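S.K.: With chain A's structure known, arrange chain B on it following the hints.
2 protein chains.
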Amino acid sequence: MSARIPPRSGIAVRLARGDILTVIDPEGGQVSDMLAIADGDPGEILSNGRTFDYEETLRLTTGARLWSNRSRVMLTIMEDTAPQHDFLLTPCSQGTFRHFYPDKPMHHGCFGNLADALAPYGLEADAIPTAFNIFMNVTIAPDGRIAVLPPGTKPGDFVRFRAEMDLVVGLTACSAYASNGGSFKPIDYEIAATTTAY
Amino acid sequence: MSARIPPRSGIAVRLARGDILTVIDPEGGQVSDMLAIADGDPGEILSNGRTFDYEETLRLTTGARLWSNRSRVMLTIMEDTAPQHDFLLTPCSQGTFRHFYPDKPMHHGCFGNLADALAPYGLEADAIPTAFNIFMNVTIAPDGRIAVLPPGTKPGDFVRFRAEMDLVVGLTACSAYASNGGSFKPIDYEIAATTTAY
Numbered sequence: 002m003s004a005r006i007p008p009r010s011g012i013a014v015r016l017a018r019g020d021i022l023t024v025i026d027p028e029g030g031q032v033s034d035m036l037a038i039a040d041g042d043p044g045e046i047l048s049n050g051r052t053f054d055y056e057e058t059l060r061l062t063t064g065a066r067l068w069s070n071r072s073r074v075m076l077t078i079m080e081d082t083a084p085q086h087d088f089l090l091t092p093c094s095q096g097t098f099r100h101f102y103p104d105k106p107m108h109h110g111c112f113g114n115l116a117d118a119l120a121p122y123g124l125e126a127d128a129i130p131t132a133f134n135i136f137m138n139v140t141i142a143p144d145g146r147i148a149v150l151p152p153g154t155k156p157g158d159f160v161r162f163r164a165e166m167d168l169v170v171g172l173t174a175c176s177a178y179a180s181n182g183g184s185f186k187p188i189d190y191e192i193a194a195t196t197t198a199y
Numbered sequence: 002m003s004a005r006i007p008p009r010s011g012i013a014v015r016l017a018r019g020d021i022l023t024v025i026d027p028e029g030g031q032v033s034d035m036l037a038i039a040d041g042d043p044g045e046i047l048s049n050g051r052t053f054d055y056e057e058t059l060r061l062t063t064g065a066r067l068w069s070n071r072s073r074v075m076l077t078i079m080e081d082t083a084p085q086h087d088f089l090l091t092p093c094s095q096g097t098f099r100h101f102y103p104d105k106p107m108h109h110g111c112f113g114n115l116a117d118a119l120a121p122y123g124l125e126a127d128a129i130p131t132a133f134n135i136f137m138n139v140t141i142a143p144d145g146r147i148a149v150l151p152p153g154t155k156p157g158d159f160v161r162f163r164a165e166m167d168l169v170v171g172l173t174a175c176s177a178y179a180s181n182g183g184s185f186k187p188i189d190y191e192i193a194a195t196t197t198a199y
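Those protein sequence lines, which keep their order, are chains A and B.
When we follow our numbering, the leftmost residue of the first sequence carries the number 2, and every step to the right adds one.
When we follow our numbering, the leftmost residue of the second sequence carries the number 2, and every step to the right adds one.
The shape of chain A in the complex, shown without the other chains (with noise of 0.2 Å):
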């Protein structure tokens, strides 16, 4: 199956064990924030620390694995043709628009698109942890400081996932200004049953 997600919205999906999902930004330029939960058990959850530790890298690109709190596998990366994602920073909310935007009109963010979606299986909003931000293009300076500048994607890059779990995965096209440039577009999604073992 494939769909669009559009302009500051975000959706759930569930995927069995060996599904392939892939991420599309169809106009290039634009943020999918990304969140797994294991289906059935919201208290396991996609985890940045865990991810950091033992992939032992903060540039997660094809091959690499992305973790749960639980120290399991939920994701692998398996191709990947885009310039960079991050995984340091929490979904925009009302509190960052509030922060960072205060003239702009208040949003609930990619943090409120993700609660909506992921609410039908169990994940309270407290309990949403850092996504891996699709795309998304943070800086960091050798004096740590950090700096999201628009993402390098073109049309058509993509990010391609194995569950290594059976998941429930939300996705969002992002809704901050500074993440995409200003301009709020669509992200894409297909998903395919792996047919071979492996």
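Check each hint, because a few of them may be wrong.
One-sided and incomplete, this derived list gives chain B residues near chain A with beta-carbon spacing under 10 Å [claimed, not checked]:
1) G44
2) I46
3) T52
4) N70
5) P92
6) A128
7) P130
8) R161
With beta-carbon atoms standing in for the labels, derived distance ranges [unchecked claim]:
9) A:R60 <-> B:V74: 24 to 32 Å
10) B:D167 <-> A:A193: 48 to 56 Å
11) B:R99 <-> A:A126: 30 to 38 Å
12) B:A142 <-> A:R18: 29 to 37 Å
13) B:G41 <-> A:A193: 46 to 54 Å
14) B:V74 <-> A:P121: 40 to 48 Å
15) B:H100 <-> A:G182: 35 to 43 Å
16) B:S184 <-> A:R18: 13 to 21 Å
Read the hints as simulated data drawn from the structure, not as lab findings.
Given the structure is predicted, the values throughout are model-derived calculations rather than measurements.
Backbone N, C-alpha and C define an ideal beta-carbon position, used for all residues, glycine too.
M.R.: Okay, now just chain B, sitting in the frame of chain A:
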């Protein structure tokens, strides 16, 4: 008050808004994982992602604020003599020990120590996020690769926090081999009530 946390153990303390918490490395070269939850409301918890976002740096020292998942300031760093801290990696757990030290005796790690210390205040183990790893020395290479090195602290180095809300704080004396150069040492802490307005 002041107290010593024995090697490879953890404690929890309640802080009123305005209280000053000083965490001291008495021998040098030791790490203390710190978590904080809102007193009476464990759904509000320390967040590395919110902190990185609002402080716009990975290098948190004097003047930096540590933020909650609900975008409120929990603690401010008032004074800091240590060369570095880390806010990227999750507390070591049984999973961490299996992954990195399969030939070493199993230990429930800072994760287990924080879980035990904070359980009486309503925090569930699954909800434990990345802790603020006081004195921990994590380097980031230009290609994003990270490495855990022994802390550069000298005996008596300390970091002093002010509680910006009523908190329960968990603190450990680290249990992982890499974090402290393989020598398990105690951690000291002091708590003083603020007597001046601010």
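S.K.: State the violated hints by number, sorted upward, taking the hints as numbered earlier in the document.
M.R.: 8, 14, 16
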